[in-house]
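Given chain W, put chain C in place with the hints provided.
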Amino acid sequence: MKTLNQKGLTTIELLVCFVLISILSVSMYETVTNYKEKQQIESMKTEITTYKNLLTKEIQDNIIQNQKIVKVKKESNTMLNFTIGNLTKVLVLNYNNDKPDEISYGDITNPLPDLGKDERGNYDLKIDREKSYLDYDETNQIIEIYIVFTHPDLGEKYAIHIVDPLTLT
Amino acid sequence: MKKKLNSKGFALVETMVVSVLVVVILSIIYTNIYPLMGEYEKREYYDDIDSKYAAYWFKLLIQKSELTTELNINNSSVYDTFTCDKIDSSDTKKETICQELWKKYNVLNLYITNYDLTKFKQFTEQSSHSEIFTRGLIDYVFSLPTYAKKVSLNNAKYRLILEYQLKNDPEKNAYSTIEVKGVKIK
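From first to last, the protein sequence lines stand for chains W and C. When we follow numbering that gives the first Met the number 0, the leftmost residue of the first sequence carries the number 0, and every step to the right adds one. When we follow numbering that gives the first Met the number 0, the leftmost residue of the second sequence carries the number 0, and every step to the right adds one.
If we strip away everything but chain W, and leave its shape as in the complex, we get (with noise of 0.2 Å):
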């Protein structure tokens, strides 16, 4: 009959294997807990591009589908007003402290997502008052729209920028 090798592990060769497993969780924990990192910050990029696609595409599709009748007229750098035909949409930035910064176009209102607020509440995505602005230049007839996004981890990286002439037909 077959005897079973019943030795077992030395203390020796347990240590050693303690110690191995210690290393490799320290070295990996720094490794793992900067992928978690990364990838919120990956969802939070996808959750900006989302939102801005969906609004550049709904005022791009707007200006190119009724370019003959679209009339602009600037109210301020934050205001635009946009008469398409019979209709009268108007483009605004709305800078908030109580709720996230929004930009409303036509009977939309479209809150930035909500990607964390800091130690005093406050939103960390926000618009950044200095740089952006809405234009329309008369004599031209060239409309630009310029939204920067701020966040403290993705910084300036993201902003709506259109262009778009009223005139080439």
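Treat the hints as calculated values from the structure; they're not laboratory data. Among the hints, erroneous ones may be present.
Claimed, not checked - Coverage of chain C stretches by chain W, computed from C-beta distances (three or more under 8 Å per stretch; other residues unrestricted):
| hint | segment |
| --- | --- |
| 1 | 51 to 61 |
| 2 | 84 to 96 |
| 3 | 99 to 108 |
| 4 | 159 to 170 |
Where a beta carbon is used, it is the ideal one built from N, C-alpha and C, also for glycine.
Then chain C, alone, in the frame of chain W:
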């Protein structure tokens, strides 16, 4: 006779050697995959929504304007560089729109080439050591498919490739491409 089984298991040294080998292999894989992440970040500005619409307006401008000279795209040259002064100066409105778009988008280069990018791709790869094109543009063209047809489904003969500086991040350039049906020569 019953065969006796070897039930000694692995020695500690054997296990350690295998562990070291596994670690070495993993680190080699990691160092090879890491640059791909950088590549992905670079591609964030390839054909994004802003650059695509920018290319669309330039395409419209080129299709609707009268150009002063024929496009120099033939056997000796696979591309032509477009600038606003190629628009017939009697059409001041379009020339002004072109200059305004150029300025507002911080356009660096606008190339027109054949719809089929095979030759242009070969040319950019061959000239990668020279300074005809920026490194960014060469990488962008490399990432594009060849579109290996003479014309598109919309009968577009040409292709426009736009390179411009991002307004919110001047260290980075955005790239976009769009088909162009044809050009009118005065």
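Now the hints, each set against the structure:
| no. | hint | in the structure |
| --- | --- | --- |
| 1 | 51 to 61 | holds (count 6) |
| 2 | 84 to 96 | holds (count 4) |
| 3 | 99 to 108 | holds (count 4) |
| 4 | 159 to 170 | holds (count 4) |
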